[in-house]
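Q: For reference, the chains in residue letters:
There are 2 protein chains.
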Amino acid sequence: MREEEKLKKFLKAKGLKFTKEREDIIREIENTEGHFDPDGLFIKMKNRGSKVSRASVYRTINLLLESGIIDVVENIDRHKHYEKVKDKTHHDHMICIKCGKVIEFYSPTLEMLQQELCEKEGFTPTKHSLEIYGYCKQCYKK
Amino acid sequence: MREEEKLKKFLKAKGLKFTKEREDIIREIENTEGHFDPDGLFIKMKNRGSKVSRASVYRTINLLLESGIIDVVENIDRHKHYEKVKDKTHHDHMICIKCGKVIEFYSPTLEMLQQELCEKEGFTPTKHSLEIYGYCKQCYKK
DNA sequence: TGTTTATTGAGATTTAGTCTCAATTTTAAT
DNA sequence: ATTAAAATTGAGACTAAATCTCAATAAACA
Numbered sequence: 001m002r003e004e005e006k007l008k009k010f011l012k013a014k015g016l017k018f019t020k021e022r023e024d025i026i027r028e029i030e031n032t033e034g035h036f037d038p039d040g041l042f043i044k045m046k047n048r049g050s051k052v053s054r055a056s057v058y059r060t061i062n063l064l065l066e067s068g069i070i071d072v073v074e075n076i077d078r079h080k081h082y083e084k085v086k087d088k089t090h091h092d093h094m095i096c097i098k099c100g101k102v103i104e105f106y107s108p109t110l111e112m113l114q115q116e117l118c119e120k121e122g123f124t125p126t127k128h129s130l131e132i133y134g135y136c137k138q139c140y141k142k
Numbered sequence: 001m002r003e004e005e006k007l008k009k010f011l012k013a014k015g016l017k018f019t020k021e022r023e024d025i026i027r028e029i030e031n032t033e034g035h036f037d038p039d040g041l042f043i044k045m046k047n048r049g050s051k052v053s054r055a056s057v058y059r060t061i062n063l064l065l066e067s068g069i070i071d072v073v074e075n076i077d078r079h080k081h082y083e084k085v086k087d088k089t090h091h092d093h094m095i096c097i098k099c100g101k102v103i104e105f106y107s108p109t110l111e112m113l114q115q116e117l118c119e120k121e122g123f124t125p126t127k128h129s130l131e132i133y134g135y136c137k138q139c140y141k142k
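Here the protein sequences come in this chain order: Y and E. Residue 8 in our numbering sits at position 8 of the first sequence, and the numbers go up by one each step. Residue 10 in our numbering sits at position 10 of the second sequence, and the numbers go up by one each step.
Possibly wrong hints are sitting among the right ones.
Identical chains blur together in the list; that is why a pair holds if it fits in one copy or across any two.
Below, simulated DSS-like cross-link-like pairs (lysine-lysine); rule was C-alpha separation at most 27 Å, straight line [claimed, not checked]:
(1) K137 <-> K17
(2) K127 <-> K137
(3) K14 <-> K101
(4) K101 <-> K84
(5) K137 <-> K12
(6) K127 <-> K12
(7) K14 <-> K86
(8) K80 <-> K137
(9) K14 <-> K137
(10) K137 <-> K120
(11) K80 <-> K127
(12) K46 <-> K8
(13) K84 <-> K46
(14) K80 <-> K101
(15) K137 <-> K9
(16) K17 <-> K6
(17) K101 <-> K120
(18) K101 <-> K127
(19) K46 <-> K80
(20) K6 <-> K120
(21) K8 <-> K86
(22) K137 <-> K101
Source of the hints: derived by calculation from the structure; they are not laboratory data.
Kindly generate the complete structure, drawing on both the sequences and the hints.
A: See below:
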């Protein structure tokens with residue numbers, strides 16, 4: 001099901017309304033790849049001519065969170081980043097603890113090694129989550 | 001090793017100073033059970049007569065985070081809570097999604113590989129968290 | 001179509017956390 | 001012990017993500 005349909009269903013179940021603004025926002029998110037943050041989304045929409053307000057973007061994002069359509073990726077420096085739940089095809093994260101930058105990476109070697117480690121323990125993996133915290137190139141210099 | 005010693009070691013390695021204020025703060029944390037938040041810690045210290053400033057409490061907590069002496073427990077309502085990191089050596093987790101069993105494991109190869117991946121991205125890691133979800137031997141049979 | 005109720009925008013507000021900077025303290029070398 | 005260099009401190013100003021206010025507006029549904 002498309003995100004828009006999921007949202008409509010959720011709103012109806014809660015007696016809330018599917019407004020032009022919410023439609024605008026959910027569509028923007030549907031067309032967004034990877035991570036996003038509320039303010040960035042707002043700026044992007046504003047630049048492309050949308051009249052939606054910052055308050056509505058924040059309010060709608062909270063509804064999307066509540067309905068499970070999006071999820072928090074990271075919460076650093078009081079700055080939240082989100083991603084669509086269906087976007088959770090596998091990748092791992094390096095997260096800068098200074099600026100909040102998120103580097104996504106994928107390593108087949110790492111995947112294979114984990115597989116081996118699991119076999120050694122008689123464990124059958126279905127998914128995993130690796131988050132490496134530290135400093136990105138720019139922040140480490142300072 | 002006591003938290004205070006770990007902090008001294010960390011500061012020395014970074015060319016930073018072990019001040020009266022930092023000593024005061026780390027001792028307060030050593031005597032704190034469970035989780036704490038910066039502002040609460042500051043109030044508690046102030047009430048017992050400490051002259052340490054709110055800014056120093058926040059600054060020291062960031063150093064303790066960076067050094068791995070404490071860790072973020074929860075981040076709710078833009079309000080961070082911390083706790084002392086248990087005196088365990090680093091390990092990762094395999095978690096059974098059927099029975100909840102947690103297998104702790106440690107792989108030097110995995111640690112090295114992560115280091116390499118970080119270098120490739122110009123990233124300087126401070127800590128990481130790997131959690132593999134799946135089925136343990138007993139649960140997989142069924 | 002009309003009535004009810006949720007939602008909106010603009011900007012004010014909140015507040016955890018950070019920054020400024022002159023004065024002070026630590027550290028290490030002498 | 002003295003001293004020089006560098007880090008740290010406190011007080012309060014400042015920042016910025018997120019929330020709130022409230023009159024005007026729009027969705028939902030009979």
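Q: Looking back at the hints listed earlier, which ones does the structure fail to meet?
A: Checked against the structure, the only hint that fails is number 20, while the rest are satisfied.
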